[in-house]
Amino acid sequence: MKKVLLAAAIAAAASGAAFAQANDTIAKAKSSGVVTMGVRESSGALSYTLGDGKFAGFHVEICQRILAELEKQAGKKLEVKYQAVTSQNRIPLVQNGTVDIECGSTTNNAARQKDVSFLNTTYVEEVKVAVKANSGIDTIAKLNGKTVATTTGTTSVQHLRKHERAASLDFKEVFGKDHADSFLLLESGRADAFVMDGSILAGNIANSRNPGDFKLLGEVLNVEPIAIMVRKDDAALKKLGNDVIAGLVKSGEMNKLWDKWFLQPIPPKNIKIGLALSENTKQAWASPNDKPMEEYAKK
Amino acid sequence: MAWNWQVFCRETTSGETVVGCFGRGGDETYLNWIVTAWGWTLFVALCALVVALVSGLIIGTIRTLPNSPWLVRLGNAWVELFRNIPLLVQIFLWYFVIPGIFPAMKGVPSVVLVIMALGLFTSARVAEQVRAGIQSLPRGQRYAGMALGLTTGQTYRFVLLPMALRIVIPPLTSESMNIVKNSSVAFAVSIAELTFFARQSGEETSAPVEMYLAATVLYAISAFAINRVMGVIEKRTRVPGFVAAGGMGGH
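Heads up: the protein sequence lines correspond to chains A and B, in order. Every letter in the first sequence is one number past the one before it in full-length UniProt numbering, and letter 233, counting from 1, is 233. Every letter in the second sequence is one number past the one before it in full-length UniProt numbering, and letter 66, counting from 1, is 66.
Don't read these hints as lab results, they were simulated from the structure. Just to be clear, a hint being listed does not mean it is correct.
DSS-like, lysine-lysine: derived pairs with alpha carbons at most 25 Å apart [said to hold, decoys possible]:
1. B:106 x A:172
2. A:215 x B:106
3. A:260 x A:54
4. A:256 x A:54
5. A:215 x A:282
6. B:235 x A:146
7. A:269 x A:239
8. B:235 x A:142
9. A:215 x A:239
10. A:114 x A:260
11. A:239 x A:282
12. A:81 x A:30
13. A:142 x A:172
14. A:132 x B:106
15. A:215 x A:269
Pair ranges (Cβ atoms, derived) [claimed, not checked]:
16. B:108 x A:247: 55 to 61 Å
17. A:142 x B:16: 29 to 35 Å
18. B:5 x A:170: 49 to 55 Å
19. A:208 x B:68: 47 to 53 Å
Note that the Cβ used here is the ideal one computed from N, Cα and C, for glycine as well.
Using the sequences and the accompanying hints, generate a full structural model.
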């Protein structure tokens, strides 16, 4: 019983200490010498694990640059801890201070902006359509009467439904349990198309047996700004992060990073994702903003 | 935790709240959707239950035949095949592998495939219970049938099965309830049933807890309804003085 009490007391003390510097990561890093980066196990080339507690990806690398700058400002060597997060726990972990900066694949939307802050958009996800290259389907309109696959528990289903209603198209929907299943539906001919985030489609195609058998349609069903997440009102870190991002864009390094993660072979399997830099992402870099998804949808 | 049950009145495409909660004229609210999903759950479960009981009864019976070693082996192979492979894997085999081997199966709707997978999976378990029921009868019953000059078929029809099936009603009740709960794996092959509904609408509405709770209640109601129906059957088929008299406690 005493041990339990002791543990509770330590936990209370630790959380008390965290509260004391709740919203200032820079001050926290200065005093503790530790900073925690939230990462995803498998968010495509944005953030993924190499196994053995190592993480890599486009967003992970941007975050590493930000933390290098943070280290300069803190004026001492910082220990960077990696904490794997999931869709369910990423926001609570950022709110309660377990994670100082989240570098996964989080969509910036109005609801989340009430709980956390986002750095300027670094990546714009486009919901796209993958089809077999020889299917003769080259526009969404040609999906009329066809079977369309998507993954259960994703917002792509919603975009598809909205589009179906708006364009008065009529197609049959089938749902995979996860992205791999949905891709199998397309591969095995059970579906004529797979609707999902462009990066996921590109990743699945790159990893398939014959990547040349598939293609992405040019049309975009929806766009979602994806951004690095920090604690709400952590203005100092937000400014520092945005400055680093602006610097990367200005020096042209952002383009190089894109090339490195999306167009060149990446570890561990040395496969090319092959996702070209989109017009939307380019625009987000050119005019930095932290607008939520809802404002992207309006235009 | 604040509940938001109003979310069920929202239209699934526009997100607007519909007066009266039920959408009309092509509009569909989450309430409409969960009712449809419940219908799919019940449809899959009840059809699979029929498949499971019919094939389980046949396989379980032939496993006890006295002079047909090959039929017994066939029955044993059936049971071991269907109960040693996880249900989710079996559903994938039916959905992706079998149509790959037999192209004629490609046109079969996925709901039929999932009913076959769930029904045959459960049939192995039903067969085992039917076999246990028949083998639990005293040997004298079979001999009595033979002494009366009944054929094997008649012995089963008039003596063994009526007794054995009464004995196995309680475990069959469990199986029948399990089939409702196991039907939740059907979402893996694109059946829009309750689990699918909960996962999908939870993501769309940002109210996953409400969605999962509603689905949980409907699963529980469905399984309990089956339990009550089986309870009535058990009561109605009771024969005073027989082994399955029930309700007497242990003696």
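Please name the hints from earlier in the document that this structure breaks, with their numbers sorted from lowest to highest.
6, 7, 8, 9, 10, 18
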